[in-house]
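Following the hints, complete the assembly by docking chain B onto the known chain A.
Quick mapping for you: the protein sequence lines, in order, are chains A and B. Residues 1 to 282 in our numbering are what the first sequence spells out, letter by letter. Residues 1 to 282 in our numbering are what the second sequence spells out, letter by letter.
Quick caveat, the hints were computed from the structure, so don't treat them as lab data. Since the model is a prediction, treat every value here as computed from it, not as a measurement. Hints are not guaranteed to be accurate.
If chains are identical, the list can't say which one is meant, so a pair holds when it fits in one copy or spans any two.
Mimicking SDA-like on lysine to any residue, the simulated pairs with C-alpha atoms at most 20 angstroms apart in a straight line are [as the list claims (entries may be wrong)]: (1) Lys23 / Asp260; (2) Lys276 / Asp197; (3) Lys207 / Arg149; (4) Lys251 / Ala107; (5) Lys251 / Ser239.
Number of protein chains: 2
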Amino acid sequence: MLISGLGLIGSSIARTIRDGDRKIEIIGSDPDDDSAQFLLDQQIINIRKSFEEAAIMADFIVLAGPVSVIVGQIHALQRLSLKPDVFITDVGSTKKTIMKAAQPLLAKGINFVGGHPMAGSDKSGGRFGTPNLFKNAIYFLVGKTQTNRKLADYQQLLSKSMIRWQPITAAAHDQLVSELSHLPHVVAVTLVNTITDSLDEKSIGLKAAAGGFKDTTRIAASDPTMWTTIMMNNTEQISRALSQFQQHLAKFQAALDTHDEATIKAFFARARASRKSIDERK
Amino acid sequence: MLISGLGLIGSSIARTIRDGDRKIEIIGSDPDDDSAQFLLDQQIINIRKSFEEAAIMADFIVLAGPVSVIVGQIHALQRLSLKPDVFITDVGSTKKTIMKAAQPLLAKGINFVGGHPMAGSDKSGGRFGTPNLFKNAIYFLVGKTQTNRKLADYQQLLSKSMIRWQPITAAAHDQLVSELSHLPHVVAVTLVNTITDSLDEKSIGLKAAAGGFKDTTRIAASDPTMWTTIMMNNTEQISRALSQFQQHLAKFQAALDTHDEATIKAFFARARASRKSIDERK
Numbered sequence: 001m002l003i004s005g006l007g008l009i010g011s012s013i014a015r016t017i018r019d020g021d022r023k024i025e026i027i028g029s030d031p032d033d034d035s036a037q038f039l040l041d042q043q044i045i046n047i048r049k050s051f052e053e054a055a056i057m058a059d060f061i062v063l064a065g066p067v068s069v070i071v072g073q074i075h076a077l078q079r080l081s082l083k084p085d086v087f088i089t090d091v092g093s094t095k096k097t098i099m100k101a102a103q104p105l106l107a108k109g110i111n112f113v114g115g116h117p118m119a120g121s122d123k124s125g126g127r128f129g130t131p132n133l134f135k136n137a138i139y140f141l142v143g144k145t146q147t148n149r150k151l152a153d154y155q156q157l158l159s160k161s162m163i164r165w166q167p168i169t170a171a172a173h174d175q176l177v178s179e180l181s182h183l184p185h186v187v188a189v190t191l192v193n194t195i196t197d198s199l200d201e202k203s204i205g206l207k208a209a210a211g212g213f214k215d216t217t218r219i220a221a222s223d224p225t226m227w228t229t230i231m232m233n234n235t236e237q238i239s240r241a242l243s244q245f246q247q248h249l250a251k252f253q254a255a256l257d258t259h260d261e262a263t264i265k266a267f268f269a270r271a272r273a274s275r276k277s278i279d280e281r282k
Numbered sequence: 001m002l003i004s005g006l007g008l009i010g011s012s013i014a015r016t017i018r019d020g021d022r023k024i025e026i027i028g029s030d031p032d033d034d035s036a037q038f039l040l041d042q043q044i045i046n047i048r049k050s051f052e053e054a055a056i057m058a059d060f061i062v063l064a065g066p067v068s069v070i071v072g073q074i075h076a077l078q079r080l081s082l083k084p085d086v087f088i089t090d091v092g093s094t095k096k097t098i099m100k101a102a103q104p105l106l107a108k109g110i111n112f113v114g115g116h117p118m119a120g121s122d123k124s125g126g127r128f129g130t131p132n133l134f135k136n137a138i139y140f141l142v143g144k145t146q147t148n149r150k151l152a153d154y155q156q157l158l159s160k161s162m163i164r165w166q167p168i169t170a171a172a173h174d175q176l177v178s179e180l181s182h183l184p185h186v187v188a189v190t191l192v193n194t195i196t197d198s199l200d201e202k203s204i205g206l207k208a209a210a211g212g213f214k215d216t217t218r219i220a221a222s223d224p225t226m227w228t229t230i231m232m233n234n235t236e237q238i239s240r241a242l243s244q245f246q247q248h249l250a251k252f253q254a255a256l257d258t259h260d261e262a263t264i265k266a267f268f269a270r271a272r273a274s275r276k277s278i279d280e281r282k
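This is chain A alone, in the form it adopts within the complex (with noise of 0.2 angstroms):
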């Protein structure tokens, strides 16, 4: 089992695997030492190697860095002698990108199936990572998801975390998470810089934030570079998806702008509903 990419996400993954097989060899490989050593240290993972030596001992490939890094590392196993019947995934949050790279592997007959676990933080790197990251949250598949039985082998390792295992084409993947997690990141790092802008004159300014001000802004915290690249890799269907909100904020401002108290009541009542919803369902 080689986990690539030792941050939130891939050392979450090593955990959630270790608590559910005290015996599995896991091999990191990370370029952070930090991150690395502390995992070493606490027997999460047992040996940290490079990719390349790592991979091609390996049974389970997770790559689990940043999309660009995973691209290059799906081209670079296409040049490894790899083991015949290796399981290759990744957790990359975009996946036409991904699927694309991925292309010549399927094509030589290599099992690879795309994944992103619904789950994240504003907190970045493996010191972070908990095995309760998972927990019940919904986990995207795409590719080659039926009688995988190497995939299952996979989701049996992952077991503890009762995740919810949903495939998807890739299309329709990267549609769902530039509105359900690409708008709402941009949203409250706008919301983090319009305010910044106007308080910054004055002496009260931000430190009167409440918990909902806290709240709503709380993942603009997180790490630029990674939210970069999914821009840069899903940028048509964020667009869209920032069109369709500023539309609904525009509504908004008319029925504001004619105190059209109806309208506003109206409109508040549905989002509470509609979020409620969700905690519900839990």
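Just chain B now, with coordinates in the frame of chain A:
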């Protein structure tokens, strides 16, 4: 001590005062039987009375209902024979409307100070109050705050919460909260409505929502009536804040549409630094 309005804020004030002084008599007033009975059972309030009956015997009156109710009660107080040294304050989310309503009281020499604790929750109702709601929170004060002995007594009653008292003008308050509280609220609500529209027909839909989406939209589950009142009372400031937000969003979308990676990354990096500074301040 009369607390009128035993919802989240009013009941939390009652709890904070009760925590600091077991013996003080707290009269609660609220049309909702459930909240009142719950707080009586918990011995957080000593007795429940009608507003007018309690107001004439109180040394302190805290108006903790919705803004529209507060305004009506301020009008009612003008007609009552209050104790000569009574101290009256409110907790309404907008201050210009309330300070305007309080002018006749102030003209009669009655000690009124507008107030607004920057704390809240997506939960509403007296059952959800907690003495921790105001811990380290900013609490805005509008009006005569220097050398106001009765205000100092009120602050003493809440001293367990380490509240950060902040004098401000009504106009500056309403602008500040339009950015720190009302804009984030509208944005969260709009996000939920946008996504609900788009995902309604999809089988996966909202159930794939991860922690980031949930955090960002948590406040969208708040009471629509309360928030509609806020919109009707701070309309111009909120509309102005929405326009600023839309300008920032349009700039971001332009960078996205032109694949301007450097601008996108700088936008994320700036928000991260600003957002992190809020948590570090605590």
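Right, here's what the structure says about each hint:
1. Lys23 / Asp260: neither (64 angstroms within a copy, 47 angstroms between copies)
2. Lys276 / Asp197: The answer is between: 15 angstroms across copies meets 20 angstroms, while 32 angstroms in one copy does not.
3. Lys207 / Arg149: neither (54 angstroms within a copy, 27 angstroms between copies)
4. Lys251 / Ala107: This pair counts as neither: shortest intra-copy Cα distance 49 angstroms, inter-copy 42 angstroms.
5. Lys251 / Ser239: both (19 angstroms within a copy, 12 angstroms between copies)
Hints 1, 3 and 4 from the list above are not met by this structure, while the remaining hints are.
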